[in-house]
Amino acid sequence: MQLDKLILVLVITITLGIVKTQAQKIWKGDLAIENLEDFTSGEYTEVDGNIIIEEYQGTDLTVLTKLEKCSGNIVISDNKKLESLKGLENLKAVGGSFFINKQP
923 MQLDKLILVL
933 VITITLGIVK
943 TQAQKIWKGD
953 LAIENLEDFT
963 SGEYTEVDGN
973 IIIEEYQGTD
983 LTVLTKLEKC
993 SGNIVISDNK
1003 KLESLKGLEN
1013 LKAVGGSFFI
1023 NKQP
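923 is the number of the first residue of the sequence shown in the numbering used here; add one for each residue after it.
To be clear, the hints were calculated from the coordinates, so they are not data collected in a lab. Beta carbons: idealized from backbone N, C-alpha and C, even for Gly. Hints may be right or wrong, so weigh each one.
Heads up, simulated EDC-like pairs for lysine to aspartate or glutamate below, C-alpha to C-alpha not over 20 Å straight-line [unchecked claim]:
id	residue 1	residue 2
1	Lys1002	Glu976
2	Lys988	Glu1011
3	Lys991	Asp960
4	Lys991	Glu968
5	Lys1002	Asp970
6	Lys1024	Asp970
7	Lys1008	Glu968
8	Lys947	Glu959
9	Lys991	Asp952
10	Lys947	Glu1011
11	Lys950	Asp970
12	Lys1003	Glu990
13	Lys947	Glu977
14	Lys950	Glu965
15	Lys988	Glu968
16	Lys1024	Glu977
17	Lys1014	Glu990
18	Lys1024	Glu990
19	Lys1014	Glu965
20	Lys988	Glu959
21	Lys1003	Glu956
Simulated restraints, written as ranges between beta carbons of each label pair [to be verified]:
id	residue 1	residue 2	range
22	Asp1000	Gln946	18 to 26 Å
23	Lys1024	Lys950	16 to 24 Å
24	Lys1002	Gln946	19 to 27 Å
25	Lys1002	Ile948	26 to 34 Å
Required output: the full structure, derived from the provided sequences and hints.
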């Protein structure tokens, strides 16, 4: 009986570890606007590099909704149509600087 419980706990622990590993998808290298569609469709949660959003034509950043972590800098500048930072709600950690420059 005890062995059955131990095996069940072990199976659950391994399964949860696999699910968490699959959920954490890492984009390797810098992420720029020309890669945003691939980033979104790949359901990446982390960028191992910098994020550079310049001359973006969107009004918000919902394409980055799944983003949780960036190991480098985040630069958001020269985006005349950008009205809000909606989409960055899940961002928990930035390894470098976070720079925003709004054009008049």
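Hint check:
no., hint, in the structure
1, Lys1002 x Glu976, "holds, 9 Å"
2, Lys988 x Glu1011, "holds, 9 Å"
3, Lys991 x Asp960, "holds, 17 Å"
4, Lys991 x Glu968, "holds, 5 Å"
5, Lys1002 x Asp970, "violated, 27 Å"
6, Lys1024 x Asp970, "violated, 25 Å"
7, Lys1008 x Glu968, "holds, 17 Å"
8, Lys947 x Glu959, "holds, 15 Å"
9, Lys991 x Asp952, "holds, 13 Å"
10, Lys947 x Glu1011, "holds, 18 Å"
11, Lys950 x Asp970, "holds, 5 Å"
12, Lys1003 x Glu990, "violated, 24 Å"
13, Lys947 x Glu977, "violated, 26 Å"
14, Lys950 x Glu965, "holds, 13 Å"
15, Lys988 x Glu968, "holds, 8 Å"
16, Lys1024 x Glu977, "holds, 11 Å"
17, Lys1014 x Glu990, "holds, 5 Å"
18, Lys1024 x Glu990, "violated, 23 Å"
19, Lys1014 x Glu965, "holds, 16 Å"
20, Lys988 x Glu959, "holds, 13 Å"
21, Lys1003 x Glu956, "holds, 16 Å"
22, Asp1000 x Gln946: 18 to 26 Å, "violated, 31 Å"
23, Lys1024 x Lys950: 16 to 24 Å, "violated, 30 Å"
24, Lys1002 x Gln946: 19 to 27 Å, "violated, 34 Å"
25, Lys1002 x Ile948: 26 to 34 Å, "holds, 31 Å"
Hint compliance for this structure: hints 5, 6, 12, 13, 18, 22, 23, 24 are broken, all remaining hints hold.
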